[in-house]
Each structure stands twice: as structure tokens, then as C-alpha cells.
Amino acid sequence: MVKVLATEATARLLAVTARLLSGASVRWIGCEPDACQRIYFANHTSHLDALVVWSALPARVRAVTRPVAAKDYWDKGWFRRFMATNVFDALLIDREKIKVHNSPVDMLLRAIGETHSLIVFPEGHRNTGPEVGEFKSGLYHLAKKRPELELIPVHIDNVNRVLPRGEFLPVPLLSCISFGPPMWLEANESKPQFLQRAREAVRSLKEQ
Amino acid sequence: MTNVNVATLWLVGGVMAVLAVATGIGQVLNLRIDTGLNPAVVAAFNLRLRAWWLMCSLLAVTFLVHEIATVVLFGLISFWALREFITLTPTRTADHRTLFWVFFLFTPLQYILVGMGDKQYGLYSVLIPVYAFLFVPARVAIAGDYKRFLERTAKIQAGLMICVYCLSHAPALLSLRIADYSDKMNGNAALLFFFVLVVQMGDVMQYAWERLAGKHVVAPAISPNKTWEGFLGGVLSATLLGTLLWKATPFEPWQAALMSLLIAVMGFAGGLTMSAIKRDRGVRDYGTLVTGHGGVLDRLDSICFAAPVFFHVTRYFFQSV
Chain E
1 MVKVLATEAT ARLLAVTARL LSGASVRWIG CEPDACQRIY FANHTSHLDA
51 LVVWSALPAR VRAVTRPVAA KDYWDKGWFR RFMATNVFDA LLIDREKIKV
101 HNSPVDMLLR AIGETHSLIV FPEGHRNTGP EVGEFKSGLY HLAKKRPELE
151 LIPVHIDNVN RVLPRGEFLP VPLLSCISFG PPMWLEANES KPQFLQRARE
201 AVRSLKEQ
Chain R
1 MTNVNVATLW LVGGVMAVLA VATGIGQVLN LRIDTGLNPA VVAAFNLRLR
51 AWWLMCSLLA VTFLVHEIAT VVLFGLISFW ALREFITLTP TRTADHRTLF
101 WVFFLFTPLQ YILVGMGDKQ YGLYSVLIPV YAFLFVPARV AIAGDYKRFL
151 ERTAKIQAGL MICVYCLSHA PALLSLRIAD YSDKMNGNAA LLFFFVLVVQ
201 MGDVMQYAWE RLAGKHVVAP AISPNKTWEG FLGGVLSATL LGTLLWKATP
251 FEPWQAALMS LLIAVMGFAG GLTMSAIKRD RGVRDYGTLV TGHGGVLDRL
301 DSICFAAPVF FHVTRYFFQS V
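Sequence lines, in order, name chains E and R.
Take 1 as the starting number for the first sequence in my numbering and just add one per residue.
Take 1 as the starting number for the second sequence in my numbering and just add one per residue.
These aren't lab readings, by the way, just hints derived from the structure by calculation.
Computed from a predicted structure; not experimentally measured.
Warning: the hint list may mix true and false statements.
Said to hold, decoys possible - The list that follows gives simulated cross-link-like pairs (lysine-lysine, DSBU-like), each with its CA atoms no further than 35 angstroms apart:
(1) E:K206 x R:K184
(2) E:K76 x E:K145
(3) E:K144 x E:K206
(4) E:K76 x R:K147
(5) R:K184 x R:K247
(6) R:K184 x R:K119
(7) E:K144 x E:K76
(8) E:K136 x E:K206
(9) R:K119 x E:K136
(10) E:K71 x E:K136
(11) E:K3 x E:K76
(12) R:K119 x E:K206
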């Protein structure tokens, strides 16, 4: 009981800190916060992304949402490991070991079961350019195996300036997190078509 | 009630009464659609009123607490304004650590020194224009990225100057020692309030005069709204108000008039300068740059420009030795 409360308190504190630090304003465009099972997919520009998107969700939605994060970053040192496993309950993926026969997709689907939502970054790595990079196929496989889940595009703006690649001290600039209207895998849609459409959905949020 | 006296309370109370009347008018205008007024203008008016309520009540509360509370309030506002400014200006990854020191060392240090009072004047008046201004380019150079070097460093310096250095001179007014005034008034809260009031009056009357009589645009490429008629109307109205409030200041009526004139002219210069920066960056308001934020800098541009000049003129002529 005490442990649950402590974790909950830490989670709230962390969410508030992340919100203050990233100065994030949150926009819901054609979509409302809901605790139903969803997959949020976002562009990836900073190590803070998972944390910032997670903290942008209302507490009750946050409680059932698990970010997918890189094991090589979040499993390093006791602090990050504590944060990842105890506070925001991340699913850590070993990026070096992604193979066809060792796909993380099944692991993710097993982990979320029938209740949890996911935050994924289909670019696979942090993008340094201003454009949203090409999406890897993981999102397609998630959508194909669980076609009933809502896929929510998320655009993250300016967090890369709060904490750029290779830096460890954040600078408190203002950023913006936009959640877009849900989409699904269409019947007969090919993998490249779907991934292109998903990427476009994230990109178009920047302009709105 | 540590640093206010009855006169200050009257001043603050009077402003709140005026705001209450204005809010009433704003609400009536909001409900009636047959007034022939542009609804966008009414909405802008109501939005401004909300900002003033916030500003006025925050100031009043900190006056009642302690002088340090007022300094902290302005420090937080500076911090937020600097956030908006730097978010708007494109910096490169190599500037990251410079920005870290700008946000977490120079900004708080400036306000700590201001909070320590007039004995630190020798340091807080040069901390940013000397030390920070030399630190920034040196630190950027160490980071090793020379692309648009001068432009990047100048942007960071401008942000520090306008958002932190200039604004910190508003709460610095509190620590001036003015003969026959500071002791009698139990501090300079009334002087600070007078300053904010005159700046805001200049802003709003400039806006009103532009609507009523605006013809000759000052700089069409920068702001199509700012006209010479608005400038004159705003400056003269602010000067009139400032003169009428001379009893709340250490000044004679004619001195109060000149000071108000100075404040209003600087306020206008600030508004125009910040419009030029916004125009260059292709945004209309600092608030719209990241949706959902209020745009602190949009409301403060005139205060930022007027504060250091008003502070220095007051200190130069009225500080008792």
C-alpha cells in the first residue's frame, strides 16, 4: 500500500516536473483523452519524448499507458532504471536485437493485454532533422495483429531543443504536444501505404 | 503589511475599482450583439482586462507580503518571458549549454542581486551587459559551431537584455532610497505601481486612439496598426494620468509629467521593437507561437523598455546619498 502510494506520488511529481520543464501545451485535435485501449505513435526527437507524451495525458489515462523506450538508454544507471520500471512503467526494447524471429511486437502485445495503451516511436531512433523520418514497420504489425485498437498520431514540437541529443541538462523552452484523430489499418492497405499515411498524420499535426 | 501605506492601498484599490467598471462594460458588450462594435475588438478588450486583473492582483498580493515577494514575482515573469523569447529564436544544438547557464545562472543571479537591494547596484547593473554578454559568445565559441555565430550570440544576448536585465529594473525601484518619500510611504511600492500603471495606460490609450483616429502608420512593414495618432494619443493620455497621480510619487507635478512622458515614449518604442522581432520570426503574438500559452512577452514589451530608463532617471536625480 505504502509502495503504491509512493509510486503514485512519484509519478505525479514526475509528470508535473516534465510538464513544467518542457513548458508543454497539450492540444487534442479531433480526439479526446480516453482510457480506452490505444496506441499513441509520435515523432522522436529527444530522450524526453516518452516522458513528455506520457505526462501530457490526464492522470487516469496515464495510469493505463505504457511508453515503449530504448533499453540502451533507460536501463543505464539506477535512476533511469527506477524511473522506467517503477514510475512510468515503460516497456524497454533492446534495439540491437530486433530481428524477424525476435520481434518486439508480440512482446508488446502480450504486455498490454486487454487494458493498457502504448506510446511508440515508429521512427525507431531520434531524428535530428526538422522532418519526420520514415516509419519502421512495427506500427503496421501492431495494427495488423490488433486491428480494433485506436491508433492516435502525436506530434511533438520543440522538445528536441529542451534536451538535444547527447546533452543531459535540459533547457526549459516551450514545447507543444498535439494529439490527432484516431486512425486504423484499412482493409487491403499495403504496408508502405499504411506507414506513409501514419507518417503523414503525424506531420499534418504540425501545421494545425 | 510590511511595505505599503494607506496611500498605496488607495492607489491599488482605485485601479481595481476602475478595472471592475471596465470588466462590467466588457461583459455588457460581450452579451449585446447590436452595439455595432467588432466582436473581435470586444474579445481582445476582455482578454486584456483579464491580463490586467492578473497583473494587478499579483502585484497587490506581493506588496502585502514583502518586497522580496515582488522581486520573486518579477523573476518568475522574466524566466517565462525568456522562455518565450528563446523558443522563438532559432538557436543551434551547440548553444544548448550556453542557454543552460543563461536560464539557471544569470537569470536567477540578476534577481538575487536586485533582491539584495541598492547596495548591489554596482553589480546588478553590469552583471548582464558585461559578464553575461562576454560569457555568451565565449561559451558558444567553445562549443565549436561557427555557423551564423554573431547572429546566434546576439539573439541570446537580446533575450537576456530585454527579458531579464530590463525587466529586473522594475522591482529594483523598491530598493531606491528617496528622501521625503521612501520613509513616509513605507517603501516604494506606490512608485512601482505608478510606473506599471502609466505604461499600461500608454498601451491601452494608444490602442484606443489608433481605433478612433489612426491614419498615418509609423512603420507599415512592421506593424500596420501602430500609427502616429495612436502614439501621440497614448503618450499624452499616459502623461496626463501620470501627472494626476503625482501625489503617489516623489515628484513635483511637472516632474511627474516629464517622467510619465518618458515612460510612455519608451513603452511605445518597446512595443514597436518587439513587433519587429515578431515580424522577422513570422509570428503575430508570442502567445500563438506555442498554442495555449498566454504570451507573457506580448503584454510586457512596453514595461521591459520603460523600466530601466525610468529606474535610472529616478535613481540619478532622486536617490538620496
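Hint check results:
{"no.": "1", "hint": "E:K206 x R:K184", "verdict": "57 angstroms, violated"}
{"no.": "2", "hint": "E:K76 x E:K145", "verdict": "31 angstroms, holds"}
{"no.": "3", "hint": "E:K144 x E:K206", "verdict": "27 angstroms, holds"}
{"no.": "4", "hint": "E:K76 x R:K147", "verdict": "34 angstroms, holds"}
{"no.": "5", "hint": "R:K184 x R:K247", "verdict": "12 angstroms, holds"}
{"no.": "6", "hint": "R:K184 x R:K119", "verdict": "21 angstroms, holds"}
{"no.": "7", "hint": "E:K144 x E:K76", "verdict": "33 angstroms, holds"}
{"no.": "8", "hint": "E:K136 x E:K206", "verdict": "20 angstroms, holds"}
{"no.": "9", "hint": "R:K119 x E:K136", "verdict": "61 angstroms, violated"}
{"no.": "10", "hint": "E:K71 x E:K136", "verdict": "18 angstroms, holds"}
{"no.": "11", "hint": "E:K3 x E:K76", "verdict": "23 angstroms, holds"}
{"no.": "12", "hint": "R:K119 x E:K206", "verdict": "49 angstroms, violated"}
Of the hints listed earlier, those the structure fails to meet are numbers 1, 9 and 12, in rising order.
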